[in-house]
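Given the structure of chain A, go ahead and fit chain B with the ligand onto it with the hints provided.
Residue numbers (the numbering used here), protein chains in the order written: chain A, 1 to 472; chain B, 473 to 673.
Calculated from the structure, these hints are not laboratory results.
Because the structure is a prediction, the values reported are computed rather than measured.
Careful, some of the hints might be misleading.
Derived list of chain B stretches under chain A, where covered just means 3 residues or more per stretch with a C-beta under 8 Å from a C-beta of chain A [claimed, not checked]:
1. 501-510
2. 572-578
Output of the computed footprint for chain B on chain A, the stretches with three or more beta carbons under 8 Å from beta carbons of chain B [claimed, not checked]:
3. 26-32
4. 111-123
5. 252-260
6. 417-427
Residues from chain B that keep clear of chain A, each with C-beta distances beyond 10 Å, as calculated [unchecked claim]:
7. 481
8. 532
9. 621
Using N, Cα and C, we set each Cβ at its ideal position, and we do this for glycine too.
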Amino acid sequence: MGRTLAAKVWDAHVVRRGEGDRAAPDLLYIDLHLVHEVTSPQAFDGLRLARRSVRRPDLTIATEDHNVPTTDIELPIADEVSRIQVETLRRNCAEFGVPLYPMGDAEQGIVHVVGPQLGLTQPGMTVVCGDSHTSTHGAFGALAFGIGTSEVEHVMATQTLPLRPFKTMAVIVNSRDGSLPAGVTSKDIILAVIAQIGTGGGQGYVLEYRGNVVEQLSMEARMTVCNMSIEAGARAGMIAPDATTFDYLTGRPRAPVGPGWDAAVQYWRALRTDDDATFDAEVHIDTDTLTPFVTWGTNPGQGLPLSGRVPDPEQITDDGERLAVRKALSYMDLKPGTPLREIAVDTVFLGSCTNGRIEDLRAAAGVLAGRRVRDGVRMLVVPGSMRVRAQAEAEGLHEVFTAAGAQWRSAGCSMCLGMNPDQLAVGERCASTSNRNFEGRQGKGGRTHLVSPLVAAATAVRGTLSAPADLD
Amino acid sequence: MHAFTRHTGVGVPLRRSDVDTDQIIPAVYLKRVSRTGFEDGLFAAWRGHEDFVLNHEAYRSGSVLVAGPDFGTGSSREHAVWALLDYGFRVVISPRFGDIFRGNAGKQGLLAAQCAREDVELLWKLLETEPGTEVTVDLQEQTVQAKDLTVGFAIDGYTRWRLLSGLDDIALSLHYVDEIDAFEAQRPSWLPTTTGLVRGS
Ligand code: SF4
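With the rest of the complex left out, here is chain B:
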């Protein structure tokens, strides 16, 4: 995972609320077994429409997505984050995120920045009047800046620290392996295991 401090890129106004993960990447794309190459599935159902925002030349190379409330709700598929990252997005801005999506984003280095609804409106207006406008997102300062507009965003302190330091979760947990061992040693013996359930395993 790469550390995230500050990013500048074209802002994409996605004037939709309740963008669930089925819309971000339809189930049919989940069949792959690789970790990369999911950009073609991003918003697949919408990209067929000429007037979809990513089909406009000015937004095509966008890397900061500005969406309405309840972005990333629904299915837990992490492919939604991969598809956004593979397409080139580094930041998603929304007044409210689906919990699992937000967790997944933080782990993969995609910044899910929570902005007030009014600020999202302002960003939409700006990006729509001047397509191709660059947006700078500063994680240290927790600000989003485009032209003369600067607004703040919220993110939990731990995810912010993780993103800034670029640390891998598993390594962090394995650091406490002695404590995990100790916890396991005192688990009640009646708790179920899956040993021997499957013939031949």
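Isolated chain A (complex conformation):
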């Protein structure tokens, strides 16, 4: 019987099959281990305690992202705990021989932006990182997933992980001709997928995104989709590699060259789900009627088309669900029935590993060109990496942003999570291109609406949740 893409990548990495009556897991080889300052210190500590070393520092790379400020990056980090975490990473990398991009380096950035742009993420690889959004790298047809700190230590010590195969779910995204309606982006697709299957719907699964829409998405748009697989509860998301993938990789610093490239492409071409393979589950999304999508609640599944209204909990029959919606609305300070377009924001955040790449910045700049961020609204534009920042500056995008009144920052996770100086104040409301709208995610008491870069830019101009089509 045929195999799925996920099964092919899995099978190619089995060092040892699990066996015996206890159904031990397979031991899987890891091709690339990405490291950042938050989930690694205790792993390095564990190695030290057990007198172990990093087995393959040459398959490991570290960057500083979660804690770094995005202004005044030449100064020492003011927050003491953040500084300690970053300094600890530097010390650990030096001691264990792991290459590191520190703050200020031309290649520093969010770990999931750095890997792909260097060509380190390639089809068919196994990629792990102590961060759930490692699923991003699945856009290349890699099996990429987040791991916990003890697994980080495990990979450091052995370059393997004991794992049991994941179930597979096909997420089939189709439209009449494969194109998306105007103003609709891959962010809207994934928000709609999550709203449809729920934040637990993908649990235990690797999602494989397929269909004519996925085939036509750019590499960066694919990364946005795979990035948020975790918000649907999935372990990973994958997309079969194709010409788009190969084109993106061509000429990247770590892409193979010469005969290596030819051998690689030949191998990559076989990385597709066989026609006679079966998935454990299947969902279908039709994008012909899709419109820009935004979240109104406190989990990424609580989203609706921008034309919708805040739901009324009293009309929900399921007790648990009604309670959850009530809680979400109380935290978000929203009244049932309010048109989503009338929700006013204080802040707009454009960035993160979901939407902090060059295409995202271009899309937002396209909307902001010749317009102004509304008075009283602050907009942060935070490139996902210093390389993205340099590229944007080469294209003059930073001038568009600053002319519109937005703040142009250095690379980092920034306002995606409340770990660095870029945070929401209590009660502040934000339209954010990031991936999580949990309570307090962007700062204690902050309120998050997840949106696409296009919606973020239009919202900045109008001051209420908006799509570019709402601008005159």
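Same frame as chain A, now just chain B with the ligand:
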């Protein structure tokens, strides 16, 4: 890691579903570089409210947490498990766990016991009517028992065996180092490395 066979302690009814890891321990606590002392971050946003369950005297010393479905979803932070362990929890019961959380729990010796939704309801009722009730969780038998109530729980066989034996994962894998060497020897040479990417490394 300590072996886990059977544990008895005060049960804490956490009547909430979708308790994601940001709620278990907010991001601000992740900045530490140590492996211990995360108990103060546990449910930090909720503990400020007087009526939060852990603020009631009878539950304060709890070690068996009984939560609603989808406990530990969201971010992969293992700190969520450390915070629960550091606070004194040995068992979390829920009808459904976040995958990564469940994996992390098993590795650290925190038992993530999956009980049917109806059974969680029964446990909640019991623990709420009689605060301070002790719960016994038996991993060998896969049972949760409190007063007259005994219910079963599910856990995968491998994690159960690991918990019962208290074995460290890395030692287990390094046992197969010859096979790892052999696998490495046949990896295609065009696969990328990070050597020389960073100046001076
Ligand atoms: S940008 Fe946000 S989601 Fe991505 S790695 Fe950073 S904190 Fe995590």
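* Violated constraints from the hint list, given by number and in increasing order -> Those not satisfied: there are none.
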